[in-house]
Amino acid sequence: EPEVTQTPSHQVTQMGQEVILRCVPISNHLYFYWYRQILGQKVEFLVSFYNNEISEKSEIFDDQFSVERPDGSNFTLKIRSTKLEDSAMYFCASDPGQGANQPQHFGDGTRLSIL
Amino acid sequence: GQQLNQSPQSMFIQEGEDVSMNCTSSSIFNTWLWYKQDPGEGPVLLIALYKAGELTSNGRLTAQFGITRKDSFLNISASIPSDVGIYFCAGQPLIIQGAQKLVFGQGTRLTINP
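Residue numbers (my numbering), protein chains in the order written: chain A, 38 to 152; chain B, 2 to 115.
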């Protein structure tokens, strides 16, 4: 069964550094998402992306965050200047689009640790 | 904003027992989903519900989409050790078009004593 894949599985970064988290959504999916899960807490929506632009973003997704689909397969989340509170699991998800009654499928996440 | 209240937060049961957990909200949701998360992994879809009143089963799991569109429950029958994990409900808000973000509940941590 097709999967959402994320790399790296674990990223350790010094505070203030830039980090890029990578995702390869399922190939025929049109909508892409990033979520965050702080240790021990619920999964929180960050941003959705469709047709090469952001569809919706949450309050968490401030100017330090950006997303990009640089080619036909990758979907990236960049944090420009990381803070300690950015430490969390980051999950990428995708779905085929409206009307398909197809749920979002998640990758296994990237654990981001900010030192 | 939209919030889902999931209960209970944790459950400690004996193997073989049945489990029930639920989510409620003051907002209407278009779709309800139930996911399971194992340590170090992403949420894995268990059941998806698309119509108010819908009752769907997946093996020992049964879930229902509340008729008011504001709640859902998940039941697990005859629990086994591999059912251990964190269960999340998630809802997609009722919007006409665009990407369908998920709003997650706080999770139910299930522990099973053999």
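Do not take every clue at face value.
Ranges of calculated distance between the beta carbons of each label pair, as one might list FRET restraints [claimed, not checked]: (1) A:99 - B:10: 23 to 33 Å; (2) A:105 - B:15: 28 to 38 Å; (3) B:78 - A:38: 18 to 28 Å; (4) B:28 - A:139: 20 to 30 Å.
With a Cα cut of at most 30 Å, we get these calculated DSSO-like pairs of lysine-lysine [what the hints assert, rightly or not]: (5) A:94 - B:71; (6) B:71 - A:79; (7) A:94 - B:52; (8) A:79 - A:120; (9) B:71 - A:120.
Think of the hints as simulated: they come from the structure by calculation, not from any bench.
Heads up, the beta-carbon is just placed ideally off N, CA and C, and yes, glycines get one too.
To see whether the hints hold, each was checked on the structure:
1. Under the hint 23 to 33 Å, the C-beta atoms of residue 99 (chain A) and residue 10 (chain B), about 29 Å apart, fit the expected range.
2. In this structure the supplied range 28 to 38 Å is violated for residue 105 (chain A) paired with residue 15 (chain B), their Cβ-Cβ distance being about 50 Å.
3. Against the hinted window of 18 to 28 Å, the Cβ-Cβ separation of residue 78 (chain B) and residue 38 (chain A) comes to about 25 Å, which satisfies the hint.
4. Remark: the range hint 20 to 30 Å for residue 28 (chain B) to residue 139 (chain A) is upheld by a beta-carbon distance near 23 Å.
5. Only pairs whose Cα atoms come within 30 Å are accepted, and residue 94 (chain A) paired with residue 71 (chain B) is accepted, the gap being roughly 23 Å.
6. Between residue 71 (chain B) and residue 79 (chain A), the direct Cα distance comes to roughly 19 Å. Compliance with the 30 Å bound is thereby established for this hinted pair.
7. Between residue 94 (chain A) and residue 52 (chain B) the CA atoms are separated by roughly 26 Å; this keeps the pair inside 30 Å, and the hint holds.
8. Distance check on the hinted pair: residue 79 (chain A) and residue 120 (chain A) sit about 20 Å apart at the alpha-carbon level, within 30 Å; holds.
9. In summary, the hint linking residue 71 (chain B) to residue 120 (chain A) is not supported, as the alpha carbons are separated by about 36 Å, beyond the 30 Å threshold.
When each numbered hint is compared with the structure, violations occur for hints 2, 9.
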